[in-house]
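Chemist: If you want the building blocks of each chain, they are given just below.
There are 2 protein chains.
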Amino acid sequence: MLDRGFQYGDGLFETIRVVAGHPQYWQQHINRLMTGCEQLKIPFTEIDSLQNEAKKLCGQVDDGVLKITITRGVGGRGYAINHSLDANRVLAIFPAPHYPDECWTAGIVARVCQTRLGINPALAGIKHLNRLEQVMARTEWNDSSIREGLMMDAHDNIIEGTMTNVFSVRDNELMTPNLSRCGVKGVMREHVTEMATNEGHVVREIDLTLDDLYQSDELFVCNSLIGIWPVKQLETQCFTIGPISQHLQKVLNGKVYAT
Amino acid sequence: MLDRGFQYGDGLFETIRVVAGHPQYWQQHINRLMTGCEQLKIPFTEIDSLQNEAKKLCGQVDDGVLKITITRGVGGRGYAINHSLDANRVLAIFPAPHYPDECWTAGIVARVCQTRLGINPALAGIKHLNRLEQVMARTEWNDSSIREGLMMDAHDNIIEGTMTNVFSVRDNELMTPNLSRCGVKGVMREHVTEMATNEGHVVREIDLTLDDLYQSDELFVCNSLIGIWPVKQLETQCFTIGPISQHLQKVLNGKVYAT
Numbered sequence: 001m002l003d004r005g006f007q008y009g010d011g012l013f014e015t016i017r018v019v020a021g022h023p024q025y026w027q028q029h030i031n032r033l034m035t036g037c038e039q040l041k042i043p044f045t046e047i048d049s050l051q052n053e054a055k056k057l058c059g060q061v062d063d064g065v066l067k068i069t070i071t072r073g074v075g076g077r078g079y080a081i082n083h084s085l086d087a088n089r090v091l092a093i094f095p096a097p098h099y100p101d102e103c104w105t106a107g108i109v110a111r112v113c114q115t116r117l118g119i120n121p122a123l124a125g126i127k128h129l130n131r132l133e134q135v136m137a138r139t140e141w142n143d144s145s146i147r148e149g150l151m152m153d154a155h156d157n158i159i160e161g162t163m164t165n166v167f168s169v170r171d172n173e174l175m176t177p178n179l180s181r182c183g184v185k186g187v188m189r190e191h192v193t194e195m196a197t198n199e200g201h202v203v204r205e206i207d208l209t210l211d212d213l214y215q216s217d218e219l220f221v222c223n224s225l226i227g228i229w230p231v232k233q234l235e236t237q238c239f240t241i242g243p244i245s246q247h248l249q250k251v252l253n254g255k256v257y258a259t
Numbered sequence: 001m002l003d004r005g006f007q008y009g010d011g012l013f014e015t016i017r018v019v020a021g022h023p024q025y026w027q028q029h030i031n032r033l034m035t036g037c038e039q040l041k042i043p044f045t046e047i048d049s050l051q052n053e054a055k056k057l058c059g060q061v062d063d064g065v066l067k068i069t070i071t072r073g074v075g076g077r078g079y080a081i082n083h084s085l086d087a088n089r090v091l092a093i094f095p096a097p098h099y100p101d102e103c104w105t106a107g108i109v110a111r112v113c114q115t116r117l118g119i120n121p122a123l124a125g126i127k128h129l130n131r132l133e134q135v136m137a138r139t140e141w142n143d144s145s146i147r148e149g150l151m152m153d154a155h156d157n158i159i160e161g162t163m164t165n166v167f168s169v170r171d172n173e174l175m176t177p178n179l180s181r182c183g184v185k186g187v188m189r190e191h192v193t194e195m196a197t198n199e200g201h202v203v204r205e206i207d208l209t210l211d212d213l214y215q216s217d218e219l220f221v222c223n224s225l226i227g228i229w230p231v232k233q234l235e236t237q238c239f240t241i242g243p244i245s246q247h248l249q250k251v252l253n254g255k256v257y258a259t
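Those sequence lines, one after another, are chains A and B. Under this note's numbering, the first residue of the first sequence is numbered 1, with each subsequent residue one higher. Under this note's numbering, the first residue of the second sequence is numbered 1, with each subsequent residue one higher.
Calculated directly from the structure, the hints in this document are not laboratory data. Given the structure is predicted, the values throughout are model-derived calculations rather than measurements. Treat the hints with caution; some may be incorrect.
Said to hold, decoys possible - Below are the SDA-like pairs computed for lysine to any residue, each with C-alpha atoms no more than 20 Å apart in a straight line:
id, chain 1, residue 1, chain 2, residue 2
1, B, Lys-127, A, Lys-67
2, B, Lys-67, A, Glu-140
3, B, Lys-41, A, Asn-142
4, B, Lys-127, A, Thr-35
5, B, Lys-41, A, Glu-140
6, B, Lys-41, A, Gly-76
7, B, Lys-127, B, Tyr-25
8, B, Lys-127, A, Met-1
9, A, Lys-41, B, Lys-127
10, A, Lys-41, B, Tyr-25
11, A, Lys-41, B, Trp-141
12, B, Lys-127, B, Gln-60
13, A, Lys-67, A, Arg-111
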């Protein structure tokens, strides 16, 4: 009750895929967590303890999700921060999400959400605990054949999916939304950018509109739990699953991410 | 840990002044809470139980603050909502905040925050648990002689203080920011509007810039814990404490709110 995570969403989280006892992309997740702590001025330093606890928790897990939550700690009422607060951490293991194979092989159907992302550069990029926008966007549909909803900011820029980042492929170049004003910089987004660059593709972080997405040769979404899902349909527009998406899936090793 | 309030800030809160065993403006607080539940689609209906619990908790309190938190309930990982969730409620009593008498009598010094409020009509007006913007704004200063910081949206409109609403008086009219795109519609803001209207003043909810505030004959901030604080200085601009602010303080009964 008095934890500022509960009072104000004053904290951060990571959801990490665990395979055969090992948290995947551990260092990238920790890097983002620490960037978030710095951005929110949360003085969390106990990385070594966190790593030991995570290892212990993940050791027996064949296939699951480790969720790490860091909050500013237990404080009284009021927004002002007592700088002597000790950050709190909570670790928990969840079952791996299960989706049909066709999400990876045939692609998914996505929609465009009405709920917009508020513009706030001070909170952009990090995975903080203020997630009502995603919650509200996810309430917009119940049709389980629609796997993801894309969200725009107030200026009609496409920013991300409710739980994924998005990439548009056009003329062999990859484009992904600029996340300097809102959105979460996903660990898989970073990894896809790295993989694609290594494969000789240009990857650009730019402002993208819905019309830009409709012009894509290939479209895909990604996160660190699912890897890469090609988008076969966005609203009424259909896409083919192209060679670049498929190749990146292979590089990523589809076996880890296919259920 | 699994409460969605903690996971995503998926809920609402009220902070209610308690005097001589009685929660002040109870009905207005409950109205806002229920508006918030409706806006967030949280099916909370146990108002009677909540009222009984609140009465019981407040009974022995001479002067304090009742904080009510309602969350969407305990859910698994993921933004999607299981519609069978039962909302959770947490009630807690805190000591009344104590400020020097001069905050009411001589007015306060306020500043303008760098942190902006994200624009999101779907979340505007209600007192939800996503409060990182206020937390970050409140980290901007440590000088205890500055009692409040005013916040703007991305379009340079003044919206509110970190913990108060703001009123500008000019030519005997009251103006307070339009909160349809962001901000919290305070219970005291509503009450001040009602009082001023009853006293024959025009009260307008409009878009206000910082320049508009600097042109004020009188400027004040308000919330349901402190009542009305005149602003004697905003950044380098000074204001006199005018007759309308003072009169509204009297109507509100300064005695309840002065410490």
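Chemist: If a hint holds in the structure, say so; if it doesn't, say that too.
Modeler: Here is how each hint holds up against the structure:
Between the alpha carbons of Lys-127(B) and Lys-67(A) the distance comes to roughly 27 Å, so the proposed pair goes past 20 Å and is violated. About 30 Å separates the Cα atoms of Lys-67(B) and Glu-140(A), which puts this hinted pair outside 20 Å; it is violated. For the hint linking Lys-41(B) to Asn-142(A), the alpha-carbon distance of about 14 Å falls within 20 Å, and the restraint holds. For the suggested pair Lys-127(B) and Thr-35(A), the alpha carbons sit about 28 Å apart, so the restraint of at most 20 Å is broken.
Between Lys-41(B) and Glu-140(A) the alpha-carbon distance is near 11 Å, which keeps this suggested pair within the 20 Å criterion. Restraint check for Lys-41(B) and Gly-76(A): not satisfied, since their Cα atoms lie roughly 28 Å apart, outside the 20 Å limit. At most 20 Å may separate the alpha-carbon atoms for a hinted pair to count; Lys-127(B) and Tyr-25(B) meet this at roughly 16 Å. For the hint linking Lys-127(B) to Met-1(A), the alpha-carbon distance of about 17 Å falls within 20 Å, and the restraint holds.
For a cut-off of 20 Å, the pair hint linking Lys-41(A) to Lys-127(B) is broken: about 24 Å separates their Cα positions. Our distance criterion of 20 Å between C-alpha atoms is broken by Lys-41(A) and Tyr-25(B), whose separation comes to about 36 Å. A distance of roughly 13 Å separates the Cα atoms of Lys-41(A) and Trp-141(B); the hinted pair therefore holds under the 20 Å criterion. Our distance criterion of 20 Å between C-alpha atoms is broken by Lys-127(B) and Gln-60(B), whose separation comes to about 27 Å.
A C-alpha spacing of about 27 Å is found between Lys-67(A) and Arg-111(A), which places the hinted pair above 20 Å, so the restraint is violated.
The structure is inconsistent with the numbered hints 1, 2, 4, 6, 9, 10, 12 and 13, although it conforms to all the rest.
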